[in-house]
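J.: Here's the letter readout for the chains.
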Amino acid sequence: MATNASILETPKPQTITVSYEHPFIVRLAHWLNAVALFVMITSGLRIFRAFPSFGPKIPQQNFWVPPPGITLGGWLAGAIQWHFTFMWIFVGSGVMYLVYQIVSGHWRQVLFMPHDIPGVWPMVRHYFLFGKKPPVVAAYNPLQKLAYTSTVFFGAVSFLSGLVMYKPVQFWWLTALLGGFRLARVWHFMAMCGFVAFIPGHLIMVALHGWNNFYSMITGWKRDPEYIE
Amino acid sequence: MTDKPQSRDDQPAESEPQESATPRDEAPETQRTSDNERPKALIEPRTDEKPHIEVREEVPRPRLGPAGEEIRDVTPRDRRRINRRELLKLAPVIALGAFAIPKLQQPLLNTGLHFSDWTAGKLFGPRRLEPTYSNSKVAPFDKFPYNYYDVVDPGVDLASWTLTVEGLVKRPGDYTLQQIQSLPKQVQNTRHVCVEGWDVVGNFGGVRASDFLRWVGADLTARFLEVECADEYYESIDMETILHPQTIFCYEMYGRPLDRGHGAPLGLRMPTKLGYKQAKYLNTVRVTNVLKPGMRGYWEDQGYDWYGGL
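Residue numbers (the numbering used here), protein chains in the order written: chain A, 1 to 229; chain B, 1001 to 1310.
You may find that some hints are simply not true.
Claimed, not checked - In silico PhoX-like links for lysine-lysine, alpha-carbon gap of 25 Å or less:
no.: 1; chain 1: B; residue 1: K1143; chain 2: A; residue 2: K57
no.: 2; chain 1: B; residue 1: K1143; chain 2: B; residue 2: K1122
no.: 3; chain 1: B; residue 1: K1137; chain 2: B; residue 2: K1185
no.: 4; chain 1: B; residue 1: K1292; chain 2: B; residue 2: K1185
no.: 5; chain 1: A; residue 1: K167; chain 2: B; residue 2: K1137
no.: 6; chain 1: A; residue 1: K133; chain 2: A; residue 2: K57
no.: 7; chain 1: B; residue 1: K1103; chain 2: A; residue 2: K167
no.: 8; chain 1: B; residue 1: K1122; chain 2: A; residue 2: K57
no.: 9; chain 1: B; residue 1: K1292; chain 2: B; residue 2: K1170
Note that these hints are calculated values from the structure, not bench results.
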């Protein structure tokens, strides 16, 4: 019996079950955005350092002076060069991602909707308070949807407020809509804080889910997906 | 969705999950009771049966994960091949690594900056006005910063001062402040924005740059205006901005003659440009089509963007 079974098994090629989790455009947008976001935040902090306040110049009351070690560009002009170069990559990857999500219909999997609200707390309890893991019923759990949707929101706010700071006269209507030039700086800074709050949580979750999960964001294919027997 | 299916239509829909649960290949054709499939099986010649089944075995039917992911069973070799191909498709991300190469970094950043300047020029509306503010929104005079790169007062001899006009003009020469002030005066409450990020609304008075340039017979189709200052500051500005209706040669602030710290006796005031473009203590203006290298502007030649538009 044993020899018989081994004869039957050997000609069968050994296979690996893989599943295509992340489409190419999403992966491309994700990694371009990751690089661009790093440059935008670090160079943005160097720009903020030139006038680290949200009030008038006279009298100047500093809000927070970013330490040079976490900034990029060396001085204001250098930081502006980085910021004005990578803003195109940042916005470009964002637009590419949004267009893909809308056209493919995948936005339904990831967009946080009102019916997701009740599912947020059980996930928070599970992650932070060692609660029972809620059953997996969709591609993304409500907390994931909230996190990913909020990054799109932060991106939209940083884009619009950035546009106001870049061209307040040409986009005077947007300047008025966001409450003026000075408030636009506040929105821009708060959107940055939103990203900074998201990134550590995101990286911790990636680390907890291991190499296999991380690798699927690079090649798209996940080995031995957990939902396949 | 819910109103259409009759009780008869519901039955196949309900039996579908059961069908997919058991592999379709193993389900004998004769077990099917549907009226549509029975004649098909009868018409099909018996000889076709075997190759038909073989084809089904070779092409794996698409399996989908819970979120619609495509699922495959691949050999380790195929998996390596797929991963390699997908990795190569991310080449645009790897290309960003060029920014980390010291020799390429500055040229790449300059390209980005020039592209931004080019876009800024395209976005500029020659007739789009900076909103003007009521007097109550104007910062008090002592809250309007003195900003300078070297000295707050370069010691201009105000009595003998003249503005030298050069380049593509019909009547070049030296013009006195009285001559400049003889032209119609424009007063504006507009926002001054510094590249550092602060802003202040001030009250400015002067002659429209377009009025002055017409008066001296300048070629308004020229591309640039170059300016030189008493403190050896220098600037160059695109003609579109110079001809903007709110661009003035400023000789008054808050209803008083420009004081020395703010650029006496004459400065450039453009609500559509950043602060570093607004040259003070003007000595010379030159209408030109060509910018001399290294003479684009004091800060621009050190790395700030040339357009500096708002």
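J.: If a hint holds in the structure, say so; if it does not, say that too.
T.: Comparing the hints with the structure gives:
Of the pairs offered as hints, the one joining B:K1143 and A:K57 holds, with about 8 Å between alpha carbons and a cut-off of 25 Å not exceeded. Using a Cα cut-off of 25 Å, the hinted pair B:K1143 and B:K1122 is violated, with the two alpha carbons roughly 34 Å apart. About 22 Å separates the Cα atoms of B:K1137 and B:K1185, which keeps this hinted pair within 25 Å; it holds. For the suggested pair B:K1292 and B:K1185, the alpha carbons sit about 32 Å apart, so the restraint of at most 25 Å is broken.
Taken as a hint, the A:K167 and B:K1137 pair is honoured in the structure, with Cα atoms around 21 Å apart against an allowance of 25 Å. Of the pairs offered as hints, the one joining A:K133 and A:K57 is violated, with about 52 Å between alpha carbons and a cut-off of 25 Å exceeded. The suggested pairing of B:K1103 with A:K167 is violated, with an alpha-carbon distance near 31 Å, which exceeds 25 Å. Pair hint B:K1122 plus A:K57 does not hold up; C-alpha atoms about 31 Å apart against a cutoff of 25 Å.
For a cut-off of 25 Å, the pair hint linking B:K1292 to B:K1170 stands: about 22 Å separates their Cα positions.
Going down the numbered hints, you'll see the structure goes against 2, 4, 6, 7 and 8, while the others check out.
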